[in-house]
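Q: Next come the chains, spelled out residue by residue.
Number of protein chains: 2
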Amino acid sequence: MATDKAVETSINIPDTKSKSKGKAPLFVSSNGGVEPPQRRGVKKGLAIGDFILRLCAMGATIGAAVTVGSAQQTLPFFTQFFQFQAQYNDIPTLVFFMIANAIVTGYLVLSLPFSIICIIRPFATTPRLLLVIFDAAMAGLTIAAASATASIIYLAHNGNPNTNWLPFCQQFGDFCQSVSGAVVGSLIAGALLLFMLILSAFSLKRS
Amino acid sequence: MATDKAVETSINIPDTKSKSKGKAPLFVSSNGGVEPPQRRGVKKGLAIGDFILRLCAMGATIGAAVTVGSAQQTLPFFTQFFQFQAQYNDIPTLVFFMIANAIVTGYLVLSLPFSIICIIRPFATTPRLLLVIFDAAMAGLTIAAASATASIIYLAHNGNPNTNWLPFCQQFGDFCQSVSGAVVGSLIAGALLLFMLILSAFSLKRS
Numbered sequence: 001m002a003t004d005k006a007v008e009t010s011i012n013i014p015d016t017k018s019k020s021k022g023k024a025p026l027f028v029s030s031n032g033g034v035e036p037p038q039r040r041g042v043k044k045g046l047a048i049g050d051f052i053l054r055l056c057a058m059g060a061t062i063g064a065a066v067t068v069g070s071a072q073q074t075l076p077f078f079t080q081f082f083q084f085q086a087q088y089n090d091i092p093t094l095v096f097f098m099i100a101n102a103i104v105t106g107y108l109v110l111s112l113p114f115s116i117i118c119i120i121r122p123f124a125t126t127p128r129l130l131l132v133i134f135d136a137a138m139a140g141l142t143i144a145a146a147s148a149t150a151s152i153i154y155l156a157h158n159g160n161p162n163t164n165w166l167p168f169c170q171q172f173g174d175f176c177q178s179v180s181g182a183v184v185g186s187l188i189a190g191a192l193l194l195f196m197l198i199l200s201a202f203s204l205k206r207s
Numbered sequence: 001m002a003t004d005k006a007v008e009t010s011i012n013i014p015d016t017k018s019k020s021k022g023k024a025p026l027f028v029s030s031n032g033g034v035e036p037p038q039r040r041g042v043k044k045g046l047a048i049g050d051f052i053l054r055l056c057a058m059g060a061t062i063g064a065a066v067t068v069g070s071a072q073q074t075l076p077f078f079t080q081f082f083q084f085q086a087q088y089n090d091i092p093t094l095v096f097f098m099i100a101n102a103i104v105t106g107y108l109v110l111s112l113p114f115s116i117i118c119i120i121r122p123f124a125t126t127p128r129l130l131l132v133i134f135d136a137a138m139a140g141l142t143i144a145a146a147s148a149t150a151s152i153i154y155l156a157h158n159g160n161p162n163t164n165w166l167p168f169c170q171q172f173g174d175f176c177q178s179v180s181g182a183v184v185g186s187l188i189a190g191a192l193l194l195f196m197l198i199l200s201a202f203s204l205k206r207s
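Taken in sequence, the protein lines are chains Y and Z.
Numbering follows UniProt numbering, with no gaps: position 39 of the first sequence is 39.
Numbering follows UniProt numbering, with no gaps: position 122 of the second sequence is 122.
Keep in mind the hints are simulated off the structure, nothing from the lab.
Among the hints, erroneous ones may be present.
Unchecked claim - SDA-like mimics (lysine to any residue), calculated; alpha carbons at most 25 Å apart, straight line:
hint, chain 1, residue 1, chain 2, residue 2
1, Z, K205, Y, N162
2, Z, K205, Y, T126
3, Y, K205, Y, A191
4, Z, K205, Y, L112
Said to hold, decoys possible - Which stretches of chain Y does chain Z cover? Using the computed rule of at least three CB atoms under 8 Å from a CB of chain Z, they are:
hint, region
5, 39-51
6, 124-134
All C-beta atoms, glycine included, are put in the ideal place defined by N, C-alpha and C.
Generate coordinates for the entire structure from the input sequences, incorporating the hints supplied.
A: Written out as structure tokens, the structure reads:
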């Protein structure tokens, strides 16, 4: 009986070793499993990277929203009845762009605590999955807003002779430049959100 | 010595049980670990769902590309020098839309074998991570193309009096309707790709 148990232990050892389970519980993960310190370090690094990217994306979206919201240009000449002025609510797409970027900024602020939880507990899967679901939705929203505005601002720069849509960026150059900058910022934020999704997949994966 | 080993074995038993490792290796995962059949079933279900969604997204993107590529309308009246005609290459955004949807269709076809590998080997992480990385890029491309075209087709329907861009959908109704349908298809494909990313995160997660 005693030898039987001893044999069973010696069978189990390579299996527990390949799953990196030592005899002493060095670090206990949320599901009760025991994880080695170097894998914990990698996961923690990924979580810290996610947090930093989240801050960068937040800066980009808040910058984009504020830039478009405050972009305004009045031409130095006017007629008796009319003053030539451009601001974001002349173009419905820019209103959508500003609202979408504000929503994404709000989401990113609210997601920071979850990101911090993922740094403290690198093996917790529930907050990570929550972040994945909402990150995917917000990445879609950011990219949609940025590319819709990009197509409108392309039209404002170049016009389209086939449809008789004339460009207005010769007149409202500063306005167009502000909006173009905001579009670039928002596209970068969208790309960062997609990159965060990939990082999350790596940090969720079984080693 | 013998009692010492026996005690150690009795400590280890609940741990191996909580990770659902029986004495007999029922199913061996790619990393040499032993996995229970019910978890394998869940992962396999997720992989099959991913494959079906991939087929749906493929149908949506190929439909969108073909619809826009073949959308053409000629008005029944013409002058001596001019014939009123609308097709996709009158608007640069529609050219981008068609190319982007064709690229995504091609990617989805090429990704099917990897999806099948994930069905056969539900615990393999490498093909799944590859799919996550490229799915994220393609989701971005699809959503960008769809929303850029959506903003242009909104302009074609409603126009914008502030910028003197007049709508042309009263004249070219059939053309506008084809493109609008294609935009909806492409947006659905983008949403499906984001949903596949979430499914991949669930199937990568440690239980």
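Q: Each of the hints needs a verdict: does it hold here or not?
A: Now for the hints, and whether the structure bears them out:
1. Z/K205 with Y/N162: Not OK: Z/K205 and Y/N162 at ~51 Å, beyond 25 Å, violated.
2. Z/K205 with Y/T126: Status holds; Cα separation ~10 Å.
3. Y/K205 with Y/A191: 21 Å, holds
4. Z/K205 with Y/L112: 21 Å, holds
5. 39-51: violated (count 0)
6. 124-134: holds (count 5)
Checked against the numbered hints given earlier, the structure breaks hints 1, 5 and satisfies all the rest.
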